[in-house]
Amino acid sequence: MPDRILLMVNERPLSVERGTSVAAAMMMTGTHCRISVGGEPRAPLCGMGICFECRAIVNGCLHARTCQMVCEPGMEVHSQ
Amino acid sequence: MISTCDAVIIGAGIVGTACAYELAREGLCVAIVERDIIGGGATAAGMGHIVVMDDSPAQLALTQYSQSLWSALSASLPANVEYDRCGTLWIAADDEEMSEVRRKHSLYASANVPTEILDSQALFEAEPNLRQPLAGALLVPSDAVLYPPCVAAHLITRAEQKGATLVQGKTAINAKEGTVHLDDGTTISAACIVHATGASATSLLPDLPIKKRKGHLLITDRYPGFVRHQLVELGYLKSAHSVTSDSVAFNVQPRRTGQLLIGSSRQYGAEDSAIDHEILESMLKRACEYLPTIGNLSTIRAWTGFRAATPDKLPLIGPTEDPSVYLATGHEGLGITTSLATARLLADSLLKRKTAIPLEPYLPARFAVEAAHA
Amino acid sequence: MRESFDILVVGAGPAGIAAATRAAESGMRVGLLDDNLGPGGQIWRGSDSTSSPIATGWYNRLAAHPITKLQGSRIFSHPVLGALRAEKNNSYFDIEYKKLILATGARERFLPFPGWTLPNVLGVGGLQALVKSGLPIEGKRIVVAGSGPLLLAVAAYLGKHGARIATICEQAPFSKLSKFATSLVTNPDKLEQAITYRWQTRSARFYTSCWPVAAYGPSGKLESVTLRKGGREWTVPCDYLACGFHLVPNTELAELLGCKISSGNVDVNEWQETSIPDIYCAGEPTGIGGLELSLVEGEIAGYAASKQTEAARALHSKRSRLRKFAEKLESTFALNPALSQLPQQDTIVCRCEDVSFAAMAQHSSWRAAKLQTRCGMGPCQGRVCGPAAEFLFHWSAASIRPPVFPAPLSGLAASSTQREAQLHTT
Chain W
1 MPDRILLMVN
11 ERPLSVERGT
21 SVAAAMMMTG
31 THCRISVGGE
41 PRAPLCGMGI
51 CFECRAIVNG
61 CLHARTCQMV
71 CEPGMEVHSQ
Chain U
1 MISTCDAVII
11 GAGIVGTACA
21 YELAREGLCV
31 AIVERDIIGG
41 GATAAGMGHI
51 VVMDDSPAQL
61 ALTQYSQSLW
71 SALSASLPAN
81 VEYDRCGTLW
91 IAADDEEMSE
101 VRRKHSLYAS
111 ANVPTEILDS
121 QALFEAEPNL
131 RQPLAGALLV
141 PSDAVLYPPC
151 VAAHLITRAE
161 QKGATLVQGK
171 TAINAKEGTV
181 HLDDGTTISA
191 ACIVHATGAS
201 ATSLLPDLPI
211 KKRKGHLLIT
221 DRYPGFVRHQ
231 LVELGYLKSA
241 HSVTSDSVAF
251 NVQPRRTGQL
261 LIGSSRQYGA
271 EDSAIDHEIL
281 ESMLKRACEY
291 LPTIGNLSTI
301 RAWTGFRAAT
311 PDKLPLIGPT
321 EDPSVYLATG
331 HEGLGITTSL
341 ATARLLADSL
351 LKRKTAIPLE
361 PYLPARFAVE
371 AAHA
Chain Y
1 MRESFDILVV
11 GAGPAGIAAA
21 TRAAESGMRV
31 GLLDDNLGPG
41 GQIWRGSDST
51 SSPIATGWYN
61 RLAAHPITKL
71 QGSRIFSHPV
81 LGALRAEKNN
91 SYFDIEYKKL
101 ILATGARERF
111 LPFPGWTLPN
121 VLGVGGLQAL
131 VKSGLPIEGK
141 RIVVAGSGPL
151 LLAVAAYLGK
161 HGARIATICE
171 QAPFSKLSKF
181 ATSLVTNPDK
191 LEQAITYRWQ
201 TRSARFYTSC
211 WPVAAYGPSG
221 KLESVTLRKG
231 GREWTVPCDY
241 LACGFHLVPN
251 TELAELLGCK
261 ISSGNVDVNE
271 WQETSIPDIY
281 CAGEPTGIGG
291 LELSLVEGEI
301 AGYAASKQTE
311 AARALHSKRS
321 RLRKFAEKLE
331 STFALNPALS
341 QLPQQDTIVC
351 RCEDVSFAAM
361 AQHSSWRAAK
371 LQTRCGMGPC
381 QGRVCGPAAE
391 FLFHWSAASI
401 RPPVFPAPLS
411 GLAASSTQRE
421 AQLHTT
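Residue numbers (the working numbering), protein chains in the order written: chain W, 1 to 80; chain U, 1 to 374; chain Y, 1 to 426.
Among the hints, erroneous ones may be present.
List time: in silico DSBU-like cross-link candidates among lysine-lysine, alpha-carbon distance up to 30 Å [as the list claims (entries may be wrong)]:
1. U:285 to Y:98
2. U:285 to Y:88
3. U:170 to Y:260
4. Y:318 to Y:69
5. Y:190 to Y:318
6. Y:260 to Y:160
7. Y:88 to Y:69
8. Y:260 to Y:140
9. Y:69 to Y:260
Estimated spans, in silico, between C-beta atoms of each pair [to be verified]:
10. U:274 to Y:90: 48 to 56 Å
11. W:29 to U:274: 43 to 51 Å
12. Y:258 to U:179: 52 to 60 Å
13. W:18 to Y:90: 17 to 25 Å
14. Y:68 to W:38: 39 to 47 Å
15. U:76 to Y:141: 48 to 56 Å
16. Y:396 to W:2: 47 to 55 Å
17. Y:199 to U:274: 24 to 32 Å
18. Y:336 to W:28: 30 to 38 Å
19. Y:321 to U:274: 54 to 62 Å
20. Y:57 to W:72: 43 to 51 Å
If you are wondering where the hints come from, they were derived from the structure by calculation, not from laboratory data. All figures in this text were calculated on a predicted structure; none of them were measured in a lab. Glycine included, C-beta positions come from ideal geometry on N, C-alpha and C.
For reference, chain W alone in the conformation it holds in the complex (with noise of 0.2 Å):
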């Protein structure tokens, strides 16, 4: 199994070590995870499932909460 995965954050490749949270990846490219309803861009920020801040579209699902996710290969992922 390859250490090293490949996924498409908002249409850019990625490559991260298996085992990595979407939220981290997110987090990596430098990207918000979505913007808020006043409009502010948002990443995570309790890393544990509570605060919904980490909210993606991940393969075409909305309000997916990345921290919780782990990256798999192929995997596309939309800020929100």
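Guided by the hints, dock chains U and Y onto chain W, whose structure is given.
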């Protein structure tokens, strides 16, 4: 601390606050007593749907009148009220329901409420997430949705600007014969006392023919555009019509936030505000039957509320045997819709003016007469 | 899908692991459920469990028993007596139990200040969790701020992973901290640990009575933090701000089940049993008290639920001793009221719905604020803004309803199989 005024309104829900504003606007000295938070009862729990309904000619008249009042008021409502004239789609699942659509179409036309009949294809284009095939729907474009707690707060503010006084945090323990006794020992004397107490009306007036009708609601996370109109199945009318049994009906509202508000359920005899999982499950299964992909949406909160139901599904508006006591209660699931008309009718009744629609069907005396004959 | 256990333990942090292990020693069928992808909760998250002998010991004990582990699963509803419903990968399943042990742990308390919503401002445990799940911080400048034992522990951890810790700011005063440190003399392991952490972070400035007053990020993410200590304010450029003000117990599931809550903690008797028979609670939800107390409470709950009463009783005195430590924790890290002055009028308090301090401050109760501003009505269900509002406005939170955690609608629509069975027999 106010001790005398022209009118005291008990209850600052949507009906009470609408009455406070209307009476204050007429130049009356108004006090409104609220024991808890503004709009904290059924006003907070319900759907905020402004809808014309025709369970009876009197209901049609009242909802149509009130909907036009909302329309006139809408331009001056603040943004947090989230008024949205998204319209209602009454969904017909089969041919039988489609003939009901046609019947409603003519009836509403005769009441000057424009509607449009959508066939199966047109319905699909209007709401792609509905299951296919459905027979069609009746579109009522003048129906709207809003967020009731903020409306109630807004109406109170406007009433206060016209000189009304809000007495908050005190409970009325007695309110008749021209005097309201509050739980802190103080009293307010008034020529007229308006009970706008909703599902709790029988606390102060035990003989009122009002029963609590529990409802469940659920709200989802934000999915803008999933649904564009308030969607209601025609079976809703049967559910709302029944006076005895528990029932659920498909009823989904798009909020301005992009969240979906999902109802509806009706239960008699349930006094406990806890979620009843059987009813909730039944209600949500019904929603899934009409919107097959709704099951995937993330839900944030479920809650319950109590409607104030009368035996004939019409509210109690107007004078009672006690010359100082007026009622503005018993609105069941139409409190939001008919609050403005209720306030107008109440004001007209108080000031002995001609009402825009006949007041007789809503007069409290209709039940007293029955009781006398019983 | 349906699972069935004699004893279900909710939460696989230290308390849950201890409870499940001891319960399983009785031979009863035990399930251990957790939202994360692996056991350990927050404190033993990820691979670092092997570096702690206590953790390793417990993992070995856990592995010695046939306990069913339900990972990546989050309880959201209690549809019938004796069953809970959990969400996993956007689908749901029911779990039947005869007895329940709630070991739902704690979360960080976040307090709002200008700029706290900027990307790269995280919690203290939050940043550690992100690093444990792959975020590289080699060479990054980090300010660690807020309150509690987590600050030093996490700063040391981050430093070990190559970060440059610029400053550590603890809001508690030096007098309280030194009193706390002296009291650790009776707890030599803890004292040694604290000293080790401080040694590991020796290149960082450590301030007491110090807190962040604003975070700046004109570029759209964090660039610097302004700190205040007494009358002095200064600005520190940084890549990350890890800021959290100690912990609050996760009592939501206990509340949903109807357990009595006092002063924000789940009430339990000497057997860790709640006010609801056959429902036990162990660890932080009974009162924030740290790792060792969580472990012993978990053991007692596990023994008591499986009727190993003598084994449970034997741990009572250890628990009393550790509860004293918990009391010291609470008083040492009590929040300075000055922190309630941090938010400006336009500082966001509810992040889900972007509700400002000014909008919330107009109201006199949590419920009124919720209805009028929608604060607490977003997906976090008040987990972030609730404790903040409680501290800022002295409001107490309202009642809990299902779903106790956001869940797919299909999960609330499905009848429980128990109920379906009943329907079929009538």
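Index of numbered hints that the structure contradicts, given in increasing order | Violated: hints 6, 8, 10, 12, 17, 19 and 20.
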